[in-house]
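**Student:** Knowing the structure of chain A, use the given hints to seat chain B on it.
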Amino acid sequence: MTVEKLALTTTSPARKPRSEGGGDNALAAELTRLLGPKKVLSNLSERLSYRFDAIQFGVTPLCVVLPESTEDVIATVKAARRAGVSIVGRGAASGLSGGAAPMQPAVVISFTRMTRLEIFPEQREAVAQPGVITLAVTEAARPHGLIYPPDPASFRTSTIGGNLGENAGGPLCFKYGVTGDYVNALDFVDAEGELHTLTRDAYDLAGLLIGSEGTLGLITEATLRLTPPPKFTRTLMAHFAEVGQAAEAVSAAIAAGAVPGKLEFMDGACTNAVEDYLHLGLPRDAGAVLLVDTDGDDLDTVEEERALVEAACLEAGGVVRRAADEAEAAALWQARRSVSPALGRIRPQRMNEDIVVPRSVLPEVVRQIRALGDASGFHLVQFGHIGDGNLHPNILFDPRTESAEAVHHLAHQIALVALRHGGVLSGEHGIGTMKRDFMRDAVDAETMTALHNVKRALDPSGALNPGKILPEEPHA
Amino acid sequence: MNNEIPVQALGPQGEVMAHAVDACVHCGFCLPACPTYALLGDEMDSPRGRIVLMKEVLEGGLDLLDAAPHLDRCLGCQACVTACPSGVPYGELITSFRGWSEPQRQRSPLDRAKRYAILKALPAPKLFSVAARVGQYAKPLAPALPAALRGPLDLLPEHVPAMQPSPEVTPARGQRRGRVAFLTGCAQQALAPNFNAATLRVLARNGIEVVVPQGQGCCGAAALHTGARGEALRLVRANLDAFNPDDYDAILSNAAGCGAGLKEYPVILHGLHDEKKAKAFAAKVQDISEYLATLAREEGLEPFLPTSRPLKIAYHDACHLAHAQGVRAAPRELLRMIPGVSIVEIPEGDLCCGSAGTYNLEQPELAGQLGARKAGHILSTTPDLIASGNIGCHTQIQSHVRRQGSAVPVMHTVEVLDLAYRGEL
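So the sequence lines, in the order shown, correspond to chains A and B.
Note that numbering that gives the first Met the number 0 has the first sequence beginning at 0, numbered continuously upward.
Note that numbering that gives the first Met the number 0 has the second sequence beginning at 0, numbered continuously upward.
Looking at chain B on its own, in the form it has when it is part of the complex:
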């Protein structure tokens, strides 16, 4: 798209943004892929419209405040990236734009406090765990609370499990076939500690030694995607120091959002002195399902025990796995290796569930509509079990599926594999 974005004045992130705007030919192929366009049906709430808005703001022809409501509604799901034949790196554009524009935003005190709380609590599992426990007790009060607080409470599980810190080294069982580093994630440790426990068991069972580098912290994705670029850079650099890519066959994440965040490090550091380091790091990052599926194809996995009865699994594509990382086949391949399992595809499968990082907290109404739509589609397949590879989707889908009166279990892909190894499926 023609533009006069003053790249020189905006620096390296300006280059990233101008390149993305250049690439858009305005064809509209992204429109049907966009969840907010599906809900609202107007151009400003579509990827094509948002690109125009960002371009105009960057050029100085439109006030940021006027564009902000539409840009804030973007989930960052990147379904448009999958749909785009011109190769517009929309994810890089919106992320960079949020980083550039956030310091210029004036937010209300309540809004600021909420964002501060999210950005402080998310990367600190212990703090998050405490907050979740407090929230759990506040749940019965939800109907009396303002809408801004009801959203997060709705999402909390009935029972917040105890923390299970991951050991620094989990040795391989049997012959060692590989050595990986593992990012333990933040909120996930508090809300679903079993995801990590299952991941360590499945890897170890397949001869993989797992190291949890102690200096690691939050991947920075939540900070970055809400525009807190300074905070994000601090977190990113801490991780670059904690993980030495030369020491490992791969750096694994089992949360789609975190994995996508780690793979984005070179974009965040574009034009800065750690860019090379970030590239070497990102080249090693894989989702747990990618790593296991490659292992299965190249050397084979330990065989799974058959299920006790035929099991129909609805596999939900997390946006940050399918769209941002392009990982679709691997989780399905892994689940199909379990004797007795069949996979059903979910109608409108490419549409975001509405969780999308902090979206649930910032745009509760739209997030709720998308969650209900997703849960309805999933239940229409009458699955025995729902699997996905992201903690955000997990809590969102679980909450909406329960709300629609279904008790069908919702699990992480790797939990399913773990249960199959133990003959408990």
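So that you can see chain A by itself, here it is in the shape it has in the complex:
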């Protein structure tokens, strides 16, 4: 059984650690000597929680470091290297692909205390340490008439470091782009413990680090691009009897020339899970709900675009509701942001897909996935950034009564639907461990060799976040 499949099963002998102190842990002792006791966690009770991200599996780390400066990170990497121990970087660990969870005994570097943030309004830039909460950047920039557009659903929790590691998107990414589009410069510590400063000229090494899930280096500071917010925003919700109709409406609206700021969908199961939590009066009978913002500095254009979307929704058989005011719009967007965790009300665990397909094939893809779900007997739901073709089919399951093998099989089938339609495996959650197996379907052998060569160039000993993204080389 592969690591990924093992991870999805409920019990394994390794899940029952006995209480133990950190006294016999030489690396923890060395790090404590270097950094002081407050930055190093070595007791089992302290380490246990750092084996997880939002997907609940992983291996308990040997020790956890909570650095307060880049120097702390450098010292940690060098000490881990001397001890021959691997290193896993971590933000708020709200990730959904296992990216921040160690897959072997390692040092976890948790960046949650590196939270320095400075705004430079004249340059329209923010300089942030990796532990800064995503929302905090916009909050700090807003008094200067600026915002930071990348807005993953977890933006109240997730950190800039985590966003960079996964190249996170969010509802705004359809029009405004993802995290990587807002990075002007990066500092990172490499596998040897050396610090580098990258800009986006010459080789775009910063671009390589973004979305590398901590497998190529540890980002310790980022210079982020800020923009003025659009002057006007209009919100619209449409609901449809069937999920394919929503996808048709999206394709038609964009073909007609609308460029909405946000274009999101959730299917009936998602809507109901959220409604159970927030009681917003969402349409419980609908097969799918679309949420759309049109925005810009010219009100006529904003209204025009909303009319285009509205017409496309009606044409596809939808029922349209305009948000009466900002409060109603905010409530609808809170609904969308709460989908992912609210699904926990249906089944305790889930396999979260993150495929991206061309918009032209959206109706076919969502219908095929729906059919796969129906045939599987699993509770399958779909939501996501449909404007980008970024879909999140989720398989909800109860590990005590349902087969992890079967879940993995269905996830694989879904990934193959995306690949057959010219899509890719990940839009924003990363490959992590969850989709590592599928990489062989997605990437040809020559390209895979190139990816392995890049990894070897930056991390020759394979110390950085091992077990993520790239499948083992057959001859290795």
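The hints are simulated quantities; they were obtained by calculation from the structure and are not laboratory data.
Just so you know, not all the hints are guaranteed correct.
[Stated by the list, open to error] Listed next, the in silico SDA-like pairs over lysine to any residue satisfying Cα-Cα at most 25 angstroms (straight line):
hint	chain 1	residue 1	chain 2	residue 2
1	A	Lys77	A	Lys230
2	A	Lys37	B	Asp71
3	A	Lys37	B	Pro164
4	A	Lys38	B	Asp65
5	B	Lys276	B	Leu300
6	A	Lys38	A	Glu220
7	B	Lys119	B	Pro164
8	A	Lys37	B	Gln362
9	B	Lys278	A	Asp275
10	A	Lys38	B	Pro244
11	A	Lys37	B	Pro363
12	B	Lys113	B	Ser100
[Unchecked claim] Simulated restraints, written as ranges between beta carbons of each label pair:
hint	chain 1	residue 1	chain 2	residue 2	range
13	B	Thr380	A	Ala456	53 to 59 angstroms
14	B	Gln103	A	Arg283	44 to 50 angstroms
15	B	Ala112	A	Arg115	41 to 47 angstroms
16	B	Gln403	A	Ala240	57 to 63 angstroms
17	B	Glu58	A	Arg199	47 to 53 angstroms
18	B	Pro68	A	Asp373	48 to 54 angstroms
19	B	Asp110	A	Glu70	37 to 43 angstroms
20	B	Gln403	A	Ala310	42 to 48 angstroms
21	A	Ser68	B	Ala371	23 to 29 angstroms
22	B	Gly299	A	Asp324	25 to 31 angstroms
23	A	Arg199	B	Arg335	51 to 57 angstroms
24	B	Asp110	A	Arg283	47 to 53 angstroms
In this text, all values refer to a predicted model and were calculated from it rather than measured experimentally.
Where is the CB? At the ideal position from N, CA and C, for every residue including glycine.
**Tutor:** Quick look at chain B alone, frame taken from chain A:
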């Protein structure tokens, strides 16, 4: 969250705990809501981390002693419950866990004595009053005392008022519109007797007859939340005997902590023979602000007199009102009915003030940091008056606001209403 909690071995409270652990999907949405995570920035001192710790202890994979320091730091503010989209009943989990684990704890003699004193003095207003008076005289000595004793002394007001026992029946003024039972609270009677006096006046003025059932005692929340489950059960059953829910339109509390405690009775008695009785009781429990706001909406309240000058009130959401009971709008609606009053929202309003029942006494350092942060935020709104609906928050905020050099008055919501009726605002 996957777990192998041996529910059978743990009994009805085991069911409650396993259900809560099941519901957690580990998404981390709770992290920014948690006061200790805000202060300490580590996973074990976040709700998500504490759920993992409790699960591991219940499964037998982690010693209770190892998990205890992090679980002890939880304020029980339940801000995470408000933030959680998966509906994890974290409050029920931590309360049940404390009840289950306390008998297995070995505490130092000083710690035991302190807890014993708190649990004996809190539910006994007269004893508490005496202790408060003694404490008042000891205040000047505070700098020379150990930290464990300085915390409580810091919180005592300069002047401990005389006790004002509530009459058994306060008749309605004018036409009687309703009949309610009232829980008088414990520490509050000693520290702020005017809260109850104002409550009785405001209710009576609106045609509500108020009965103070004589057999009533402490709600049991303090005992329960410190893990003294046996003591809590005794107090809960005494109240179930004292209040017959059929006799009243509502059972009212004017202390957020007590109100939340009363609403928790069905959880405490889950699987025990009085569970049904507890449900009938809890269904009638309301905070004073909930009851008055409903009355205002349905039948109207007696009109308030306008304030003598425009009055900006910073309303502080007590955790046990906002998070545990979900009451946020009602107190604001009531205060806004007073002509001349405007409400200002406090930055980081959802963050606990650090009072949190006995937390101030058990974790004085963290409580102090949160208190200072809250007072700073409140004063940043430059209010004319601070209102809240909980005695714990009241003393904590008053103490920290004074420490930051402000003389702005701190009142219970119902005191503000009472003053408005008397034209003294």
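**Student:** For each hint, tell me whether it holds in the structure or not.
**Tutor:** Against the structure, the hints come out as follows:
1. A:Lys77 with A:Lys230: Violated. Lys77 of chain A to Lys230 of chain A sits at ~49 angstroms, over the 25 angstroms cutoff.
2. A:Lys37 with B:Asp71: Holds: Lys37 of chain A and Asp71 of chain B sit about 19 angstroms apart, inside 25 angstroms.
3. A:Lys37 with B:Pro164: violated, 50 angstroms
4. A:Lys38 with B:Asp65: At roughly 18 angstroms apart (the allowed maximum being 25 angstroms), Asp65 of chain B and Lys38 of chain A satisfy the hint.
5. B:Lys276 with B:Leu300: Violated, at about 32 angstroms.
6. A:Lys38 with A:Glu220: holds, 19 angstroms
7. B:Lys119 with B:Pro164: Roughly 19 angstroms separates the two Cα atoms, so the pair holds.
8. A:Lys37 with B:Gln362: Holds. Lys37 of chain A to Gln362 of chain B sits at ~18 angstroms (cutoff 25 angstroms).
9. B:Lys278 with A:Asp275: holds, 22 angstroms
10. A:Lys38 with B:Pro244: Violated, at roughly 54 angstroms.
11. A:Lys37 with B:Pro363: holds, 20 angstroms
12. B:Lys113 with B:Ser100: Judged against 25 angstroms, a Cα distance of about 18 angstroms means the pair holds.
13. B:Thr380 with A:Ala456: 53 to 59 angstroms: holds, 55 angstroms
14. B:Gln103 with A:Arg283: 44 to 50 angstroms: holds, 46 angstroms
15. B:Ala112 with A:Arg115: 41 to 47 angstroms: Given a distance of about 44 angstroms, which is inside 41 to 47 angstroms, the answer is holds.
16. B:Gln403 with A:Ala240: 57 to 63 angstroms: Distance hint for Gln403 of chain B, Ala240 of chain A holds at roughly 59 angstroms.
17. B:Glu58 with A:Arg199: 47 to 53 angstroms: holds, 49 angstroms
18. B:Pro68 with A:Asp373: 48 to 54 angstroms: holds, 49 angstroms
19. B:Asp110 with A:Glu70: 37 to 43 angstroms: For Asp110 of chain B and Glu70 of chain A the Cβ distance comes to about 39 angstroms; the hint holds.
20. B:Gln403 with A:Ala310: 42 to 48 angstroms: Taking Cβ atoms as reference, Gln403 of chain B and Ala310 of chain A lie about 58 angstroms apart, which means the hint is violated.
21. A:Ser68 with B:Ala371: 23 to 29 angstroms: Once the Cβ atoms are compared, 26 angstroms apart, the range 23 to 29 angstroms for Ala371 of chain B and Ser68 of chain A holds.
22. B:Gly299 with A:Asp324: 25 to 31 angstroms: Taking Cβ atoms as reference, Gly299 of chain B and Asp324 of chain A lie about 28 angstroms apart, which means the hint holds.
23. A:Arg199 with B:Arg335: 51 to 57 angstroms: About 52 angstroms separates the Cβ atoms of Arg199 of chain A and Arg335 of chain B, which means 51 to 57 angstroms holds.
24. B:Asp110 with A:Arg283: 47 to 53 angstroms: Given about 52 angstroms between the Cβ atoms, the range holds.
Violated hints, listed in ascending order, are 1, 3, 5, 10 and 20; each of the other numbered hints is respected by the structure.
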